[in-house]
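Student: Line order of the protein sequences matches chains Y and D.
122 is the number of the first residue of the first sequence in this note's numbering; add one for each residue after it.
4 is the number of the first residue of the second sequence in this note's numbering; add one for each residue after it.
Keep in mind the hints are simulated off the structure, nothing from the lab.
Take the hints with a grain of salt, since some may be wrong.
[To be verified] Here are the simulated distance ranges between beta carbons:
hint	chain 1	residue 1	chain 2	residue 2	range
1	D	Leu143	Y	Arg416	44 to 52 Å
2	Y	Thr584	D	Pro47	12 to 20 Å
3	Y	Gly578	D	Ile163	24 to 32 Å
4	D	Pro174	Y	Ser134	34 to 42 Å
A virtual CB, placed ideally from N, CA and C, is assigned to each residue, including glycine.
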Amino acid sequence: MSPDVAAGLGQASALSSLIATGCGSLIGLVVGMLPGMTISSGIIIVLPLTFVLDPQISIALLLGLYVGGMMGGSFSAILLNIPGTPSAAATASDGHAMARRGEAGRALGIAIGASFVGGMVSFLGLFLIAPLLADVALSFRTADMFALVFFGLTIVCSFAGASLIKALLSAALGLAIVTIGQDPVMGTARFTFGETEMLAGVHFLTAMIGLFAIPQLVENLGDAARGRPAQRIARGMRQVLPRLSDLRAMRMPVAVGSATGAALGVLPGVGGPIAAFIAYDYSRRLSRDGTEYGRGAVGGIAAPESANNGVTGGALIPMMTLGIPGDPVTAILIGALMVHGLAPGPLLFVERGDFAFGIIFSFLWANIFNLVIAFAGLRVLVRLLATPRPLLMPTIAVLCVVGSFALRNSLFDVAVMFAFGLIGLAMRWAAMPVVPLLLALVLGRQVEENLRISLTGSQGDPTVFLTSPIALTFLTLSVVSVAWSLRPPGGWIASLKGRRGPPPEELES
Amino acid sequence: MRGGLKPFVAVQMRSRDVVTGAAFLALGLAMAWFTAALPVRSLPNTPGPEFFPWVVTVLIVALALMVLARAVVRDAGAGDMSGVAAQGRERSPLAAAGVLACFIVYLWLLARLGFVVATVPFFACLMMLYGERRPAVVALGAAIATAVLYVVFRHLFQIILPQGLLAGVVP
Numbered sequence: 122m123s124p125d126v127a128a129g130l131g132q133a134s135a136l137s138s139l140i141a142t143g144c145g146s147l148i149g150l151v152v153g154m155l156p157g158m159t160i161s162s163g164i165i166i167v168l169p170l171t172f173v174l175d176p177q178i179s180i181a182l183l184l185g186l187y188v189g190g191m192m193g194g195s196f197s198a199i200l201l202n203i204p205g206t207p208s209a210a211a212t213a214s215d216g217h218a219m220a221r222r223g224e225a226g227r228a229l230g231i232a233i234g235a236s237f238v239g240g241m242v243s244f245l246g247l248f249l250i251a252p253l254l255a256d257v258a259l260s261f262r263t264a265d266m267f268a269l270v271f272f273g274l275t276i277v278c279s280f281a282g283a284s285l286i287k288a289l290l291s292a293a294l295g296l297a298i299v300t301i302g303q304d305p306v307m308g309t310a311r312f313t314f315g316e317t318e319m320l321a322g323v324h325f326l327t328a329m330i331g332l333f334a335i336p337q338l339v340e341n342l343g344d345a346a347r348g349r350p351a352q353r354i355a356r357g358m359r360q361v362l363p364r365l366s367d368l369r370a371m372r373m374p375v376a377v378g379s380a381t382g383a384a385l386g387v388l389p390g391v392g393g394p395i396a397a398f399i400a401y402d403y404s405r406r407l408s409r410d411g412t413e414y415g416r417g418a419v420g421g422i423a424a425p426e427s428a429n430n431g432v433t434g435g436a437l438i439p440m441m442t443l444g445i446p447g448d449p450v451t452a453i454l455i456g457a458l459m460v461h462g463l464a465p466g467p468l469l470f471v472e473r474g475d476f477a478f479g480i481i482f483s484f485l486w487a488n489i490f491n492l493v494i495a496f497a498g499l500r501v502l503v504r505l506l507a508t509p510r511p512l513l514m515p516t517i518a519v520l521c522v523v524g525s526f527a528l529r530n531s532l533f534d535v536a537v538m539f540a541f542g543l544i545g546l547a548m549r550w551a552a553m554p555v556v557p558l559l560l561a562l563v564l565g566r567q568v569e570e571n572l573r574i575s576l577t578g579s580q581g582d583p584t585v586f587l588t589s590p591i592a593l594t595f596l597t598l599s600v601v602s603v604a605w606s607l608r609p610p611g612g613w614i615a616s617l618k619g620r621r622g623p624p625p626e627e628l629e630s
Numbered sequence: 004m005r006g007g008l009k010p011f012v013a014v015q016m017r018s019r020d021v022v023t024g025a026a027f028l029a030l031g032l033a034m035a036w037f038t039a040a041l042p043v044r045s046l047p048n049t050p051g052p053e054f055f056p057w058v059v060t061v062l063i064v065a066l067a068l069m070v071l072a073r074a075v076v077r078d079a080g081a082g083d084m085s086g087v088a089a090q091g092r093e094r095s096p097l098a099a100a101g102v103l104a105c106f107i108v109y110l111w112l113l114a115r116l117g118f119v120v121a122t123v124p125f126f127a128c129l130m131m132l133y134g135e136r137r138p139a140v141v142a143l144g145a146a147i148a149t150a151v152l153y154v155v156f157r158h159l160f161q162i163i164l165p166q167g168l169l170a171g172v173v174p
């Protein structure tokens, strides 16, 4: 065992880190299962704490929350048919069907078991692949880094939803916001309007809190009655641990789901929901009797649950080795690490190898804690589905204010947070996705820095990006990524042959 | 969505796209104005501090024009209606405005009255907006929640919160 691996294991297994991981898992399970709450909301809740905690403890807490949130989302999907997180959407049909048959405990047990296996498979992927990828990434020059970060930015296409133009506009707004403050190469003040507090620019976490939390606070108005049906269904919960026959039935779906989740999680932009639906589909096709799916099949719960937890470890690979977030939550994790002066990327493994492996082992512990807490406290956790909104939502509102204030002890940041909340609401009104803006805020500064340093080095010659094989590869991938998003219904080939897919109106219905 | 409602919703979405496109066009033009005023401190043939803002400006203007063009050209029955559909989920625009107004007043009071004094009424107002109607529960809930949050953040996590009126009174 290398010294860094041993040190990382030691850090992640220290009592303080373990307590943080356990607390994170518990909070994650709770926020994940509460409809209207997301993993991002959970992170907002604990964010102020991470500023004062040791970096290793902070990351242990956040990873516990990330993994717990993924699993918690399935609880409300199964009990209420309302996915707590988008990643649990695929679980809802079979999970809720099983719960309605009076087997809520069995469905939850299968979900917990499958999530654990998915998480462990993705841990192995993270442990084995991340250090190797970091080694490769160390040889990247600025032109390569620009191409890589630019490729990361094309992830916005994955979050485009109905309109790619609006997604790109959202990303462009993020890039515009990134230009506020001192420029990253020469330190020239830009768009500060004489305000000294603007010199440091807009902090990514301040923006994130506003963008996610304020629209959610507005959206949750009037949802106070939610949660009661879960209590009724949960009353019939006797058997929680999966039966032997269930374990047998779970083997194939879990294998498919774990492999799909871990593999797809590595690709930036492919989050839990996509992996869960793909795993569900493959599992249904591979099963002996696919007609059971949708009516409470074991595989219909196990495949998507193992896939969405498999994604978590996969998404940490590009985050840790390249500094590219795989999904919105890992984007927030990057911001949380930056608060502590730690920039995820290949250098993290060289300069702070112990910390990098500490993250990996904290992820392992998070999965173990999740399993234990979920099985041991399931009956109590389910009761939390009836948490009164009149108490929960104001608490989140105050935590948003404390979180944005505590970042730099600045009321100006609180005002900025609120302004971003209004931007988030306006974007929602205009049907613009928020995630591209978030990704641009994370990656924008790196894009500008690497672009300008590369062009300065080449005396303004843009062919510098085409002469490096690595840069050329990533730029080609960027073009493919955008072209894939622009493909017409039915695909390019069908379109070229004159065969058109269904018109947009039909697709919407 | 019912067939009779669809053209109406599409028209509504189209007008939103016009507003969105116009707003971003204005932003792009404002950015161009301010970018043009940035100091040029670059060596020959190298990008200066104004280079990236210009790239973003061009991107915003081009995309805003595309949104506008699409909104103008688009058939009233087609298009992206997710925004309007999402709007339908908001139950009360008045309550939403209430939440935002509470925030604005809270931010103003926070700097003047401090965390404890400003948070109690803010919390109470939000509790009422989220459906709590019992005065005793609102008053007690707001006071206890504020006290707990203050103690946790100030004393457990050593985060300095604005003291305001209670500076020197509350530890």
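Student: With reference to the structure, classify each hint as holding or not holding.
Tutor: Checked hints:
Distance hint check: the CB atoms of Leu143 (chain D) and Arg416 (chain Y) are about 47 Å apart, consistent with the given range 44 to 52 Å. Distance hint check for Thr584 (chain Y) and Pro47 (chain D): the Cβ-Cβ separation is about 18 Å, which falls inside the suggested range of 12 to 20 Å. Here the CB-CB span from Gly578 (chain Y) to Ile163 (chain D) is close to 44 Å, at odds with the stated 24 to 32 Å. Between Pro174 (chain D) and Ser134 (chain Y) the CB atoms are about 36 Å apart, so this pair conforms to the stated range of 34 to 42 Å.
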